[in-house]
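*Asks:* Given only the sequences and the hints, what does the whole structure look like? Please build it.
Protein chains: 2
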Amino acid sequence: MPHSDDFGVWEGEVTIDLPAQTDAGIYFIGHIRTPWKTRKECPKNARESDALCTLEVDSRWVQALKDVETCSHLAVLYWMDRAPRNIVLQVPSHYGVQRGTFALRSPARPNPIAMSVVKLLRVDGRKLAVIGLDCLDGTPLLDIKPYFASTDSVPEAEVGWHKRRTQAAPTQ
Amino acid sequence: MPHSDDFGVWEGEVTIDLPAQTDAGIYFIGHIRTPWKTRKECPKNARESDALCTLEVDSRWVQALKDVETCSHLAVLYWMDRAPRNIVLQVPSHYGVQRGTFALRSPARPNPIAMSVVKLLRVDGRKLAVIGLDCLDGTPLLDIKPYFASTDSVPEAEVGWHKRRTQAAPTQ
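Protein chains in written order, with this note's numbering: chain A, 171 to 342; chain B, 171 to 342.
In short, the hints are calculated from the structure, not lab data. Don't take every hint at face value.
Note: identical chains are not told apart, hence a pair may lie in one copy or across any two.
Unchecked claim - Computed cross-link-like contacts, DSSO-like style, restricted to lysine-lysine with a CA-CA straight-line distance of at most 27 Å: (1) LYS297 - LYS333; (2) LYS214 - LYS289; (3) LYS297 - LYS214; (4) LYS333 - LYS214; (5) LYS333 - LYS289.
*Replies:* Below is the structure:
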């Protein structure tokens with residue numbers, strides 16, 4: 171059942187009934203400013219782009235930014251507020267193969283929380299200039315974390331389905 | 171104002187008023203089984219432990235695990251449900267220096283979503299055996315993502331305040 175909406179449910183995808191209610195609430199702590207106004211404009215993944223983006227933290231939380239400027243890289247969590255949450259098997263258009271949601275980085279997932287590792291260029295008050303995002307302009311921000319290579323970096327990690335894919339696709 | 175609770179607010183810490191309401195809801199998609207029943211038992215960070223932990227995904231979401239077994243490592247998001255959310259400046263006990271919440275990996279943050287990179291040992295139905303967690307037994311699970319070295323691994327990343335610390339502390 172293809173939708174006109176980019177974020178819809180597509181043929182070959184499997185949905186389930188969502189729970190009747192959510193279990194906890196989250197705050198949007200700010201928003202992300204990017205050059206991209208539609209999903210089609212967004213880079214396929216963040217490493218394809220060196221576009222400058224800005225994390226705009228709400229003034230309520232500005233004190234929590236102390237010492238962030240000492241970090242070379244950050245893990246940024248944000249809310250993919252337009253993505254469907256009920257898809258368990260999906261068919262990414264650039265592969266055409268059905269895969270489980272938890273084996274994909276698609277925004278469509280039970281909790282549409284995206285995680286990106288960004289390079290921090292500078293902190294100016296409540297605004298952080300970063301490189302390494304691929305989301306829509308205005309995306310709600312959930313969290314900013316210091317990136318520790320000691321625990322977060324695993325250069326030898328492999329995603330088997332991606333490595334073995336026969337279709338020569340440029341991105342994950 | 172020190173509390174008897176490990177997760178309380180401590181002297182030198184600064185809190186703010188939380189927003190009147192949350193902006194979105196999240197689902198607990200399962201729970202994490204670990205050997206640790208109290209915070210004191212938990213390793214200071216995940217790299218200190220090679221304890222076997224289990225991600226137990228609720229049966230509702232089990233189809234979403236397809237192809238996850240091909241991943242060597244996963245990024246796991248979980249909910250630190252006992253942590254205070256209103257602390258903007260905090261004083262980690264093993265450093266004794268006040269730092270901004272967004273410069274720390276402390277569970278106390280506006281949205282207490284923790285992110286850990288784990289090594290996947292095996293998938294058995296809706297249970298995933300992993301190494302690399304440091305959270306309490308029963309912690310609610312939010313998301314499982316394939317870890318892509320191409321976008322998620324930054325071996326050269328530095329956290330300046332941590333590198334420059336004079337106190338010889340064993341962990342981040």
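*Asks:* Please go over all the hints and tell whether each is borne out by the structure.
*Replies:* Tested hints:
For the homomeric pair LYS297 and LYS333, the shortest alpha-carbon distance between copies (24 Å) is at most 27 Å, but the shortest distance inside one copy (37 Å) is not. Both within a single protomer and between protomers do LYS214 and LYS289 lie at most 27 Å apart by alpha-carbon distance, with minima of 18 Å and 26 Å respectively. Taking identical chains as interchangeable, the C-alpha atoms of LYS297 and LYS214 lie at most 27 Å apart only when both belong to the same chain, with a minimum of 25 Å there against 31 Å between chains. Proximity of LYS333 and LYS214 under a CA criterion of 27 Å is satisfied intra-copy only: 17 Å inside one chain copy versus 34 Å between copies.
Taking the shortest Cα distances, LYS333 and LYS289 sit within 27 Å of each other both inside one copy (26 Å) and across copies (17 Å).
The structure meets every hint from the earlier list without exception.
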